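Please construct the entire structure, taking both the sequences and the accompanying hints into account.
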Amino acid sequence: GAVVSQHPSWVICKSGTSVKIECRSLDFQATTMFWYRQFPKQSLMLMATSNEGSKATYEQGVEKDKFLINHASLTLSTLTVTSAHPEDSSFYICSARVRLAVSDTQYFGPGTRLTVL
Amino acid sequence: AQSVTQLDSQVPVFEEAPVELRCNYSSSVSVYLFWYVQYPNQGLQLLLKYLSGSTLVKGINGFEAEFNKSQTSFHLRKPSVHISDTAEYFCAVSEIGTASKLTFGTGTRLQVTL
Numbered sequence: 001g002a003v004v005s006q007h008p009s010w011v012i013c014k015s016g017t018s019v020k021i022e023c024r025s026l027d028f029q030a031t032t033m034f035w036y037r038q039f040p041k042q043s044l045m046l047m048a049t050s051n052e053g054s055k056a057t058y059e060q061g062v063e064k065d066k067f068l069i070n071h072a073s074l075t076l077s078t079l080t081v082t083s084a085h086p087e088d089s090s091f092y093i094c095s096a097r098v099r100l101a102v103s104d105t106q107y108f109g110p111g112t113r114l115t116v117l
Numbered sequence: 001a002q003s004v005t006q007l008d009s010q011v012p013v014f015e016e017a018p019v020e021l022r023c024n025y026s027s028s029v030s031v032y033l034f035w036y037v038q039y040p041n042q043g044l045q046l047l048l049k050y051l052s053g054s055t056l057v058k059g060i061n062g063f064e065a066e067f068n069k070s071q072t073s074f075h076l077r078k079p080s081v082h083i084s085d086t087a088e089y090f091c092a093v094s095e096i097g098t099a100s101k102l103t104f105g106t107g108t109r110l111q112v113t114l
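Line order of the protein sequences matches chains A and B. Following the working numbering, the numbering of the first sequence begins with 1 at its first residue and continues without gaps. Following the working numbering, the numbering of the second sequence begins with 1 at its first residue and continues without gaps.
Because the hints were derived from the structure by calculation, they are not lab data. One or more hints might be untrue.
As the list claims (entries may be wrong) - For the chain B half of the interface with chain A, some residues (derived, Cβ under 8 Å), not all of them:
| no. | residue |
| --- | --- |
| 1 | 43 |
| 2 | 49 |
| 3 | 69 |
| 4 | 100 |
| 5 | 102 |
| 6 | 105 |
Quick caveat, the model's predicted, so the values are computed rather than measured. Ideal Cβ positions, reconstructed from N, Cα and C, are used throughout, including at glycine.
The structure is reproduced here in structure tokens:
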């Protein structure tokens, strides 16, 4: 099946610093990737849709200047949390869309645990 | 807009017993339906999906789900669970034609014990 990786798997940073998370599709090309955020014991909330070669589409309530998304190639999307604060601590998960004959399916990465001190 | 309801936040079950995890959805248009499993500190793994055709869908690890359009449900079942099935299970829907944006339920914690 399709494999999606994320790097790093966990990161701890100081308040005010920026953190970059990478999402890669390892054995397929993904024109569309999605970024989700998951708080403890809660569901996934879609943050933004990342399209290769164009600007990301953010969901309502997500600050685009704080969560910078870049999808520079067909296998890589990055999420940069700028000027991180403790309330940004969360589990960030990306997914990549695979286009099939009948429908699309999302394959998820293993997630990145961000802790902001 | 669509929504997904997973009424059971936790389901405790003994090993080798059957289990059903409930999922109901709401949408004004046709949808695709998915079940994902999440093990601790990991991403989501696709268990199964309903796109069209037979309403009974078989997935990995012995799980199956049945789409019931009249009841807008997509319940997940397994006839005999194993300790390794302990995980968080998420039901999700995607409206056909919306570039695969998924809406997730709040998840059900399946706890299998001896």
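To see whether the hints hold, each was checked on the structure:
About 4 Å separates the beta-carbon of residue 43 of chain B from the nearest beta-carbon of chain A, less than 8 Å, and the hint is met. Because the closest C-beta pair between residue 49 of chain B and chain A is about 7 Å apart, less than 8 Å, the hint holds. Interface restraint check for residue 69 of chain B: the shortest CB-CB distance to chain A comes to about 17 Å, outside 8 Å, so the restraint is violated. Restraint check, residue 100 of chain B versus chain A: the minimum CB separation of about 4 Å is within 8 Å; hint holds.
At its closest, the beta carbon of residue 102 of chain B sits 6 Å from a beta carbon of chain A; the interface hint therefore holds under the 8 Å criterion. Below 8 Å, beta-carbon pairs count as interface contacts, and residue 105 of chain B has one with chain A at about 6 Å; its hint therefore holds.
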